[in-house]
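The listed protein sequences derive, respectively, from chains A and B.
Under my numbering, the first residue of the first sequence carries the number 1, and numbering increases by one thereafter.
Under my numbering, the first residue of the second sequence carries the number 1001, and numbering increases by one thereafter.
Please keep in mind that the hints were generated in silico from the structure rather than gathered at the bench.
Incorrect hints may have been included.
Reference listing, derived: stretches of chain A covered by chain B, where coverage requires no fewer than 3 residues with Cβ under 8 Å from a Cβ of chain B [as the list claims (entries may be wrong)]:
#1 9-20
#2 78-89
#3 407-421
Each residue gets a CB set at the ideal place from its N, CA and C atoms; glycine is no exception.
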Amino acid sequence: MKAFSQLLDKLSYTPSRNAKLTLLQDYFRSAPDPDRGYALAALTDELPLSVPLRGILQDLSVSRFDPVLFKLSRDYVGDTAEALALIWPLSGVEKSAPLLRDVVQTLKTTARSGLASQISSWLDQLNTVERWALLKFLAGALRVGVSARLAKTALAMTFNKPIEDVEEIWHGIAPPYSELFDWLEGKTERPHRVDVPIFKPLMLSHPLEAGDWEALVLEEFAVEWKWDGIRVQLSSRNGDVKLFSRSGDDIGNAFPELVTGHNFSAVLDGELLVKRTEDVASFSDLQQRLNRKTVKTSMLADYPAHIRLYDALELEGEDLRPLAFDVRRQKLESWWNKIAPHHTDLSPIFHPDTKDELQKIWEATRETGIEGLMLKRRDSAYIAGRPQGKWFKWKRTALTADCVLMYAQRGSGKRSSYFSDYTFGVWSHEGEGRTLVPVGKAYSGFSDAELYKIDKFVRDNTIQQFGPVRSVTPQLVFEVAYDAVNKSSRHKAGVAMRFPRISRIRWDKPAAEADLLSTISKQIT
Amino acid sequence: MEKSQKFESWLRPEASGLYCVPGDFYIDPHQAVDRAIITHGHSDHARPGHRAALATPETLDIMKIRLGEGAPRTAQPATYGQNTRVGAVDVSLVPAGHILGSAQVVLQYGGQRAIVSGDYKRQADATCAAFEVVQCDVFVTEATFGLPVFKHPSAAQEVAKLLASLQAFPERTHQVGVYGLGKCQRVIQLLRAAGYDKPIWIHGALRTMCDYYRSQGIELGEVLPVADATTDLEGEIVLSPPSALGDRWSRRFADPLPCLASGWMGVRARARQRGVELPLIISDHADWPELLQTVGDTQASEIWVTHGREEALVYAAQNLGLTAKALSIVGREDDSE
Chain A
1 MKAFSQLLDK LSYTPSRNAK LTLLQDYFRS APDPDRGYAL AALTDELPLS VPLRGILQDL
61 SVSRFDPVLF KLSRDYVGDT AEALALIWPL SGVEKSAPLL RDVVQTLKTT ARSGLASQIS
121 SWLDQLNTVE RWALLKFLAG ALRVGVSARL AKTALAMTFN KPIEDVEEIW HGIAPPYSEL
181 FDWLEGKTER PHRVDVPIFK PLMLSHPLEA GDWEALVLEE FAVEWKWDGI RVQLSSRNGD
241 VKLFSRSGDD IGNAFPELVT GHNFSAVLDG ELLVKRTEDV ASFSDLQQRL NRKTVKTSML
301 ADYPAHIRLY DALELEGEDL RPLAFDVRRQ KLESWWNKIA PHHTDLSPIF HPDTKDELQK
361 IWEATRETGI EGLMLKRRDS AYIAGRPQGK WFKWKRTALT ADCVLMYAQR GSGKRSSYFS
421 DYTFGVWSHE GEGRTLVPVG KAYSGFSDAE LYKIDKFVRD NTIQQFGPVR SVTPQLVFEV
481 AYDAVNKSSR HKAGVAMRFP RISRIRWDKP AAEADLLSTI SKQIT
Chain B
1001 MEKSQKFESW LRPEASGLYC VPGDFYIDPH QAVDRAIITH GHSDHARPGH RAALATPETL
1061 DIMKIRLGEG APRTAQPATY GQNTRVGAVD VSLVPAGHIL GSAQVVLQYG GQRAIVSGDY
1121 KRQADATCAA FEVVQCDVFV TEATFGLPVF KHPSAAQEVA KLLASLQAFP ERTHQVGVYG
1181 LGKCQRVIQL LRAAGYDKPI WIHGALRTMC DYYRSQGIEL GEVLPVADAT TDLEGEIVLS
1241 PPSALGDRWS RRFADPLPCL ASGWMGVRAR ARQRGVELPL IISDHADWPE LLQTVGDTQA
1301 SEIWVTHGRE EALVYAAQNL GLTAKALSIV GREDDSE
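Only chain B is shown next, with the shape it has when bound in the complex:
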């Protein structure tokens, strides 16, 4: 008990987000603040309007591309493993395996180490650096898929499902809903790794991030904008934001077969609600076994759960004899997955 109060004396949730007192900064605050550390570029973590932000160079690039004027006025790039002193706190970023540039924030203060992991996964992903285990005293974790029903199959197996469907229904356009940052490029990379070498067609909204990933040395092969297509793309793979599935934009395709790449597709009702005919369980987030594995790997004595199915993960961590609590951080979105 004594110890947990000590942690909270320097790291605690506030109205704007998780606040580090001796460093006077917030981590992934959901409102504009004076000083922020940003774990990754997804919009529920990288909000507009911060004065200064410390993040990986990739995350800062992504914020600049996506937020424009709203990008932090002072950008403080920190590469993985590089130590930065902020106030009285030593800060370093290590890979989180979530998307390109995603990082766990390692905070050292008064002989204690806390890690704020942002979003993360342990499954292999060739489009970003793999999650790195760092031991700590307090591990702050997400719990997007924090229920034992979530056990993501290998992403390669799911992509094989897509290619099998393409063979079974060569007359239909396979329209795959993907989140624009991370999921889109990962699905393209997985298709390439599975030997699919035809052009992959993308919705205009996905273009900038594909270009950025490519500029960072990630091979995506031939990726073409749907706007340039001269046919109805029968038997082709089209990637679009999930919101374009079954909407007007998709009318141009040959009997489009709606697919969705998301960790939520493991639950049938979720797929059916969205009219998905081919659910692909491909996730940027840790599933239940990965969450538990990571909690164990860090050897933390305290687990703080920021968002998702906190109740189950807190309960499971307590069963392991750890101190665990939900932080109830506001402003996180489930559906962007």
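Chain A extracted, bound-state conformation:
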């Protein structure tokens, strides 16, 4: 508990990704088994402790503290667990803190009725930081700015293994992951499970640069549409089915229709879409289904999910990844024709005769409502990560609009002394009484030298400060590039830009000549 508490405490104050990785590596290197395994489980949100913590904290606060003082404290601190950790009486003498393994083990064997007194006796043994960490651990939501992927990355770095290997093993093992640590430390062979669906790390693409296009030999590449959904992996072993996001998170709970009723064994690569009859719906329709723990039946009908398959990593127990794309594709097609898994279809491959023709298809993508093209080397194996020269994504040309800088916010980490996050707007309408309406936020697309100049502009033109945010005189025009515009009820303007970034800084352009909201609204897809 001591080392883990120190780790959480430091992580919670550390904004920099690299510093977080260092802290995590130090911990994984020095903490004993199985404690570090339970810590890893907590960091990756894989620890099902199912402690009814809210009720217990409520009981503890009522039975141990004056209710008026506790409420005033809680309201001031803003977090019940932290308030309880702080208000808890100091023991005065240094007692030995329980180990993480003791906590997990004891919880397994403690009846629900005994939990409050057990937790209370732990809190008596701990100091303030440890109490806070214990309550975070029990709550199951650490909120220290570490994603599951970052924790796995740190673990792989600790033992000089590729992150892909850790990801591939991940879904076949359970806390405290002793076989994982044994393998990482070189004590055993890599764990290999054949009876459960596992995640196989994805092959990713590079944006197609001008040089790539010139060098490209059309015959060597398969051409597909680039679908505007999210990349998923459907992994099934004898009817046990999982749906993984590109980072290996299990998102099957939100898509029950996709993970039930299959009885094949395969690992398939595809795009998750919302599809009504033959039409692929917009990305904002898909967003309705994402990031949910459970899903209502009405959602299933209103936003029907679908997977458009484009690759197979494994079919009926055979690992296809070493094979060429063309071979994998053939195997995928004949397998799909035989099984025809529900809620799936195949992403078509098309065959332009010349590069000119391909270019024309690409140029028409925006009109046809397609995100762009994918170009995949026909002879390439399926290689996890982002290998050079194998797969290219060729996104449709960006849309651009001239927007006016309205608010600037301090960045974090290395950028904390710079105003580097910008909210920009466009004019509500033409003529008298028009106002600027915010339409998006961006914090990339400019060089360091440009950042320094904008930072100076913000400081020299501040109207008002709201904590880390400043409003500025509406004067500086950004040419903003974005991929698409979605309707949005969350934004006052009623629109939301996808992937906005600053493409040019128009020091020369008067704010009065920036774009109108109606121009952007017309681009809604």
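Knowing the structure of chain A, use the given hints to seat chain B on it.
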């Protein structure tokens, strides 16, 4: 009830601050007045423009340095324990343990004794005289950290955290945000007491008060202005006002690690809002146990709470069977801590 009305007949909050009727003076008024008694030099207590002010010699010096033209035209120094008759009231100042020169104001009138304690703490602090307990009938207290969640660890332990971080990240400049009067010199003194003997670098705004503390015999060791540095101060300790943390001034340092020495750092959200990576819970103010201890020590039957989390302290004092109320004195700042 009878008694409390009597207290208020001679000491009461008014628009300009706490007013003593038979002495015709205000204590720490937030507007310029004819006659004031000042508990200590922090700017929310020592305002400019008073005609006459009674305070410790140190507080009067500090007011002169910080307020210049705004310092009281007539300064009436009173050393700790010295009795001064003001109107019909006997006034004496006793140490409050807050910063150099800080004092509690002891008022005797008509057989009653009231103490206006200003800001105070009970934790040890080698840069100022320690809080002195004086029994009284009415104790007027602050409540900056008046919630049971505030239990300040020992300042030495917090400074040890800073030195440990310096060892763990020797490539980073440790920039510590400190309030310029009191906190700055205390942190330097604590570092020296912990055996840190390298030069400590300071922001220009902190220089005058460090010089003043030194002139009063408080050893600070080698303290150098950042402006004189010829390197990016990798692995060094730099003290600056909190407002310079993460701002342009700090760009000159080697991957600066923002630290902040303040009682507020016990609350995580407070540290994160300010982008602090190393919170140091070092406070000039009494924490909750010290507030309650002091209320008990004075044996006062009535507790008046001037500023901070008054509600909780008033409630707790009432639970102890005391008469307690919030005065809602305006013009006090939490954030200067």
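Item to complete: Identify every previously stated hint that the structure contradicts and give their numbers, smallest first.
Response: Going through the list in order, the structure violates no hint and respects every one.
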